[in-house]
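Colleague: Sequence:
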Amino acid sequence: MELVLTTPDLPTPLLLYTLTILVSVALCYVLFWKQQAARQAPLPPGPRGWPVLGNLPQLGGKTHQTLHELTKVYGPLLRLRFGSADVVVAGSAAVAEQFLRVHDANFSCRPPNSGGELMAYNYQDVVFAPYGPRWRAMRKVCAVNLFSARALDDVRDIREREAALMVRSLLAEQVRDDRDNSAPAVALGKAVNVCTTNALSRAAVGRRVFAAAGAGDEGAREFKEIVLEVMEVGGVLNVGDFVPALRWLDPQGVVGRMKKLHRRFDDMMNGIIADNRKARATPAAGEESKDLLGLLLSMVKDEERPSAGGDEVRITETDVKALILNLFVAGTDTTSTIVEWSLAELIRHPDILRQAQKELDAVVGRGRLVTESDLRHLTFFNAVIKETFRLHPSTPLSLPRMAAEECEVAGYRIPKGCELLVNVWGIARDPALWPDPLEFRPARFLPGGSHSDVDVKGGDFGLIPFGAGRRICAGLSWGLRMVTLTSATLVHAFDWELPAGQTPDKLNMEEAFTLLLQRAVPLMAHPVPRLLPSAYEIA
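Position one of the sequence shown corresponds to residue 0 (numbering that gives the first Met the number 0), numbered consecutively onward.
Hints are supplied without guarantee of correctness; some may be wrong.
Computed beta-carbon distance windows for the label pairs [what the hints assert, rightly or not]: (1) Asp153 / Arg220: 13 to 21 Å; (2) Pro349 / Ala93: 35 to 43 Å; (3) Ile471 / Pro50: 35 to 43 Å; (4) Leu531 / Arg263: 42 to 50 Å; (5) Asp435 / Val527: 26 to 34 Å; (6) Pro44 / Glu496: 49 to 57 Å; (7) Leu294 / Leu170: 33 to 41 Å; (8) Lys415 / Pro528: 42 to 50 Å; (9) Ile20 / Arg135: 54 to 62 Å; (10) Gln251 / Leu21: 54 to 62 Å.
Below are the PhoX-like pairs computed for lysine-lysine, each with C-alpha atoms no more than 25 Å apart in a straight line [stated by the list, open to error]: (11) Lys139 / Lys189; (12) Lys189 / Lys61; (13) Lys259 / Lys223; (14) Lys456 / Lys139; (15) Lys189 / Lys505; (16) Lys505 / Lys456; (17) Lys61 / Lys223; (18) Lys61 / Lys71; (19) Lys505 / Lys61.
Hints are computed from structural coordinates only; laboratory data are not their basis.
Note that CB positions come from ideal geometry on N, CA and C, so glycine has one too.
Could you build the full structure based on these sequences and the hints that come with them?
Modeller: In structure tokens:
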């Protein structure tokens, strides 16, 4: 028996009508999709990358310089691929202002990274913490208790005292040099780092990290090693952050180093906290601890009581450790690096050094050291500091931010989750904004100069060494005071002579980039006292 399959007969007009509708709908969808794609802004331009790794292998050892050169080719808004991550780079003041002022709220988050997770107590600090109520509460604690104008004035004597002790230490070195002509010149960066670190540690944890002379202290050596290694590791672009499949392999050894560093820092902080609690439990007669650590620990103790409101942000001991880590990492080497660059530029330009010393002598005299109350009267010297920040920002690339939502900047589409870097170093060398950008010219910031109204506090996007917007450096005011006081003290108290065989015009000014923009060759010089002997009588 033969099986015959038949299909039902459809009226020809109905079949044609159905097909017409289906084709029309499909065409409309395609045309609509193309129209939407045409209306959508393009992505920023950028170089082609490698498979899997993207543009990471093209960055080289001095990432800020590489990115600056790329913006000359592709424009001030550059798009890169770091592994699986989209990254945009702001390379002009106008583009940076779009990100950090117009779209600041959208770029207030940090992207996930191994540093924040492994070293900063799983993002419980201020630098890497997600933007939100907890971050605002922790930042407010710092702003009110350490970085407000009143708080800074309360510990002004600490900064001035440490600057004076630095002078005494350098003078002792000079005396030894006089007795032994073969003695080496002073490593200026190390001397300044002792001063800036001790000033911050006394304000933050109530004690010096370094001995007065900066040597012979095992705890100080341990601390210094930790901070330097944090800076070094933090400056490495960890491939595992951008290619998740490689993170478990840890090809650069970064994750392993971070875990060891975290354990070392945590052990050190446990000891400092224990000492602080012991000191507060048995205070000396008439003394009361006023350091930030003591205040934070008292807030932790208060947390044991029931909270009056459910929305109150509670501070834990881990939060305290993470915050102290931020203070030491962000407030020690960053400051001493800028001071070292400022002295290098002044030694390299003897005429500018003489002009700065002339102003200091007129304001301060030669019978005492510089105090913070003198700084507001040092118009030329403040211009020197601004010019140093311009040419040698301690952090040449901003810490990365991340787009919470898709947005449009400078006519380009920035996808949600895209990471943002601002090339602070490159923007400050833009010839369209800065005449003779490679020249050290403090006069540009003097009254009547081309940039007399520009400052470094985040409102002028051509000069943002401390960043800008919601994520601007919380310690800006401390850093600016410390840099200016320390630099002015060194310039006022001493003349500076380079080691035999070196001349100012040949001074090495090469950069070394980790997380900081440091000198590739440390500045070595002989301090020669230039004040009255009574000015150096420091108890």
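Colleague: Taking the hints in turn, state whether each one holds.
Modeller: Tested hints:
1. Between aspartate 153 and arginine 220 the C-beta distance comes to about 30 Å, which lies outside the given range of 13 to 21 Å.
2. The beta-carbon spacing between proline 349 and alanine 93, approximately 37 Å, falls within the hinted interval of 35 to 43 Å.
3. The hinted range of 35 to 43 Å is satisfied by isoleucine 471 and proline 50, whose Cβ atoms lie roughly 38 Å apart.
4. Range check, leucine 531 to arginine 263: Cβ separation about 46 Å, and the 42 to 50 Å hint holds.
5. Distance hint check for aspartate 435 and valine 527: the Cβ-Cβ separation is about 31 Å, which falls inside the suggested range of 26 to 34 Å.
6. Between proline 44 and glutamate 496 the C-beta distance comes to about 50 Å, which sits within the given range of 49 to 57 Å.
7. Look at leucine 294 against leucine 170: about 35 Å separates their beta carbons, and that is inside 33 to 41 Å.
8. Taken as a hint, the range 42 to 50 Å is violated for the pair lysine 415 and proline 528, whose Cβ atoms sit roughly 60 Å apart.
9. In this structure the hint that isoleucine 20 and arginine 135 lie 54 to 62 Å apart at CB holds, the actual value being about 56 Å.
10. The hinted range of 54 to 62 Å is satisfied by glutamine 251 and leucine 21, whose Cβ atoms lie roughly 55 Å apart.
11. A threshold of 25 Å between alpha carbons decides the hint, and for lysine 139 with lysine 189 the separation of about 32 Å lies outside it, so the pair is violated.
12. At most 25 Å may separate the alpha-carbon atoms for a hinted pair to count; lysine 189 and lysine 61 meet this at roughly 23 Å.
13. Distance restraint check for lysine 259 and lysine 223: the Cα-Cα separation of roughly 15 Å lies within the 25 Å cut-off, and the hinted pair is therefore satisfied.
14. Pair hint lysine 456 plus lysine 139 holds up; C-alpha atoms about 18 Å apart against a cutoff of 25 Å.
15. With a C-alpha separation of about 22 Å, the suggested pair lysine 189 and lysine 505 falls inside the 25 Å cut-off, and the hint holds.
16. Only pairs whose Cα atoms come within 25 Å are accepted, and lysine 505 paired with lysine 456 is rejected, the gap being roughly 33 Å.
17. Note on lysine 61 and lysine 223: the hinted pairing holds, with a Cα-Cα distance of about 24 Å set against a maximum of 25 Å.
18. About 16 Å separates the Cα atoms of lysine 61 and lysine 71, which keeps this hinted pair within 25 Å; it holds.
19. Using a Cα cut-off of 25 Å, the hinted pair lysine 505 and lysine 61 holds, with the two alpha carbons roughly 22 Å apart.
The structure fails to meet hints 1, 8, 11 and 16 from the earlier list, while all remaining hints are met.
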